[in-house]
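**Student:** Here is what each chain is made of, one letter per residue.
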Amino acid sequence: MELKTKIHAQDGKQEITITREFDLPLALLFKAYIEPKLVEQWMGNTVIKLENKPHGSYQFEKRDPQGNLLFSANGTIHEFIPNQQITRTFEMENTPFPVQLEFLSFEALGENTSKLTMHVIYKSVAYRDQMLQLPFAQGINMAHNLLQKVLNQFK
Amino acid sequence: MNLRRDVFQAIADPTRRAILILVASQSMTAGTIAANFGTARPTVSKHLQILTECELLSKAQNGREIYYQLNPQKMKEIADFIEPFRQMWDDRFNKLEAIMKAYQSES
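Note that the protein sequences, when read in sequence, are chains A and B.
With the numbering used here applied, the first sequence covers 4 to 158.
With the numbering used here applied, the second sequence covers 17 to 123.
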C-alpha cells in the first residue's frame, strides 16, 4: 500500500517538509486542527489552551495514570488564516530540543479531498537530525500499541 | 519475571521514551533524570537499568557521578533514520482522517 504521507528532508538542511493528502473536504481538515475536542482525539494529548488567532498561544500535555507529566508542549500562533494557513512555533517542554517554526498550509484538491503541507524549520541541522532519529519524540503521546505496531515493522 | 530485554520492549513504556528524549542531547545523572519525573527514585532506576541493558543508554563515569547518555548506534536499530518518523506522522494523519470522517457523518 502506498503511504499517503511524504517527508522531504534534504541532507545538511535544517528543515523538513511533510505533505499529506486527505480524503476530507478542506474545511474538515482545518477543523481537526482548531477544535480542541478533535485535536485531543487524533493527537492523544490534552489541550490546555488553543487560541486560534495571531498572537494566540497553545499548550498540550500528556500525563500517565498516576498524574505524572510525560509530555508537554506549547507554542505561539503567528498567522491564522482559516482554511489556508497556520504559522506557529512548537516547543517540547523539559526536553533539550529548542523551539521550532512550523508553516502549515491547507489547500483543497477537490470537493472532498485536501492537502496539508507542513514546513518545519529547526534551530540547526544537528537538532533536525536528532528529532528525526527520535520518531517517538513528537509521538510520545501515541497509544502504546500503536507505537508498538509501527516499530514492529522495523524489527 | 523474565522479560525479554530488547529495544522494542524498552521503548514501549512512555516514561522510558520520555527519559530517552530527556538525555537525547545531554548526558545526565540518575538524580537529575529522576528530578524531571517526580516519580520515586527506585522506579527511575529500574527504567534506567532496562534502557542500559538493551544498550539504548550507556553509562559514563565522571568523578563520583555516573552519567547516562543516549547510544545513537542502538537507536539506529529502531530507526532507519527517516522512515519511522514518516510512519509516525502517517499513522497520526490516518487517525485524523478516520476521526474527521466519523465527525462528518455525525453532523
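Simulated from the structure, these hints should not be mistaken for lab results.
Each hint should be verified, as a subset may be incorrect.
Covered, in the sense of this in silico footprint (three residues per stretch, anywhere, with C-beta under 8 Å from a C-beta of chain B), are these stretches of chain A [unchecked claim]:
1. 8-22
2. 39-50
3. 81-91
4. 105-116
For glycine and all other residues, C-beta sits at the position ideal for the given N, C-alpha and C.
**Student:** Take the hints in turn and mark each one as holding or not.
**Tutor:** Evaluated hints:
1. Check result for the region 8-22 of chain A against chain B: holds, 5 residues qualifying (beta carbon to beta carbon below 8 Å, three or more required).
2. A stretch counts as covered by a chain when three or more of its residues have a beta carbon under 8 Å from one of that chain; for the region 39-50 of chain A and chain B the count is 4, and the coverage holds.
3. Counting residues of the region 81-91 of chain A whose C-beta lies closer than 8 Å to any C-beta of chain B gives 0; at least three are required, and the coverage claim is violated.
4. Judged by the Cβ-Cβ criterion of 8 Å, the region 105-116 of chain A is not covered by chain B as claimed, because only 0 of its residues qualify and three are needed.
Hint violations for this structure: numbers 3, 4, all remaining hints satisfied.
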